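Starting from the known structure of chain F, arrange chain Y on it as the hints suggest.
One-letter residues, chain by chain:
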Amino acid sequence: MKKTFFASIFIFAILLSVFVSSSESKRVVVNAEILEPEIKFSAPSSIDFGQVTCGYESDINKIELKNLGTQDIKITVSNVTDEIFRSLKYSTTNKTFSSISKLSLSLDKSDILGEEGETEELWLKLDLSSLKCNDSEMFGKKSSEIIFWAMPD
Amino acid sequence: MKYLIVIIAFFISFPIISALELGISPIELKFEGNAGEKICKNYTLFVEDFSGFLIGETKWAKIGEIKKDLKIHTLNAESLGITLEYQKNINLHEKTSFEICILCKTSGNYHGALLYQAEGTNLGVGNWIILKINENNLKSNLQSNSKIAMLNNKKIKSSFNFLILSPTIFLFFVFILLFKLKRKEKQDFYSAEDY
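Order-wise, the sequence lines are chains F and Y. Read in order, the letters of the first sequence correspond to residues 0 to 152 in numbering that gives the first Met the number 0. Read in order, the letters of the second sequence correspond to residues 0 to 194 in numbering that gives the first Met the number 0.
Hints listed in this document are in silico derivations from the structure and should not be mistaken for laboratory results. Computed from a predicted structure; not experimentally measured. Incorrect hints may appear among the rest.
Straight-line C-alpha distance at most 30 Å; calculated BS3-like pairs for lysine-lysine [unchecked claim]:
(1) F:Lys101 <-> Y:Lys66
(2) F:Lys140 <-> F:Lys124
(3) F:Lys73 <-> Y:Lys87
(4) F:Lys73 <-> Y:Lys131
Per the computed footprint, the stretches of chain F lying under chain Y, defined by three or more beta-carbons under 8 Å from a beta-carbon of chain Y, are [unchecked claim]:
(5) 27-39
(6) 43-51
(7) 64-78
(8) 124-137
Here a beta-carbon is modelled for each residue, glycine too, at the ideal position from N, C-alpha and C.
Okay, chain F solo, but in the shape it has when bound (with noise of 0.2 Å):
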């Protein structure tokens, strides 16, 4: 009788130190670094289109826009003040253009962490075809600032 009551107590021991180890190998330490959606945009520094004149167009640009960060963007452009540059035309199909101060482009983030996000491409011309040049001080060389601005979508 006695040696089944302290077997009985060996036994139960044994089984409640096996529940008690199972039960603390399933503690598991997981651990990530969540890192904060960025903004990361890429295209070209500057774009020249060569020689034109009034009542012509200049050769056709073509550009890349692209999405590198974590984050969907929309690309706008400035309010171009510039009389010449204010007939900046774009497209993204090479077919139909349209004015650069309507240009809002969506550029989707990449699905996968790490890779490059949507590219766009952007067919620019200078479109002096309606541009009457009256005023000298409207030829040589000219530059003006049209940002492409990434903003969070």
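Leaving out everything else, chain Y in the frame of chain F:
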């Protein structure tokens, strides 16, 4: 040799368009505080394939107009009574953190954009500024004090009611006790008479 010169001339005739990368984080800067209080937050800027200055500016929408559309952000901070402290000209070479501090005198909800343009390029990035300014601390303190006073008044009223009710309840229990005692005395008296 002739072919090599032709090839080199062919490549030189193409305009070299170098692409640069520009970035900012976080995507939103949320400020919340009281009128006249200076609130600061950090942001990070990064560039690649660019050496030069980044020119910073902020643009704001009309007060209460909250929309993520850069075209409606036409106002300057000064015109809205917003004072800003941040680095406007940055000679950036690597990923760097900066601080922007805002002080606004008038309460309301403001929406702005912090914009950085790479100097001499056609590229700019920005993030949104969400600014929530509550009424002046003194005013809100007065309001909260009056609210506390009202709550205290309610507490006093309820404790006053309890004070009025408590003797009544006490007397009620005393009365029941006395009644029970008298009944027991009567029962004892009759049982003694029976003997």
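*Coverage claim, chain Y over the stretch 27-39 of chain F, checked by counting residues with Cβ within 8 Å (three needed)*: holds (count 5)
*Are there three or more residues in the stretch 43-51 of chain F whose C-beta lies closer than 8 Å to some C-beta of chain Y?*
holds (count 6)
*Are the Cα positions of F:Lys73 and Y:Lys87 separated by 30 Å at most?*
Cα-Cα ~23 Å, so holds.
*Count the residues of the stretch 124-137 of chain F with a beta-carbon closer than 8 Å to any beta-carbon of chain Y: does the count reach three?*
violated (count 0)
*Cβ contact check, 8 Å cutoff: the stretch 64-78 of chain F against chain Y, three residues minimum*: holds (count 7)
*asked:* So if I understand the rule, the pair passes when the alpha-carbon distance is 30 Å or less; does F:Lys101 with Y:Lys66 pass?
replied: Holds, because 18 Å separates the two Cα atoms, which is no more than 30 Å.
*Starting from F:Lys73, check that the Cα of Y:Lys131 is at most 30 Å away, please.*
Status holds; Cα separation ~24 Å.
*Given the hint that F:Lys140 pairs with F:Lys124, does the C-alpha gap stay at or below 30 Å?*
holds (17 Å)
The earlier numbered hint that this structure contradicts is number 8, and it is the only one.
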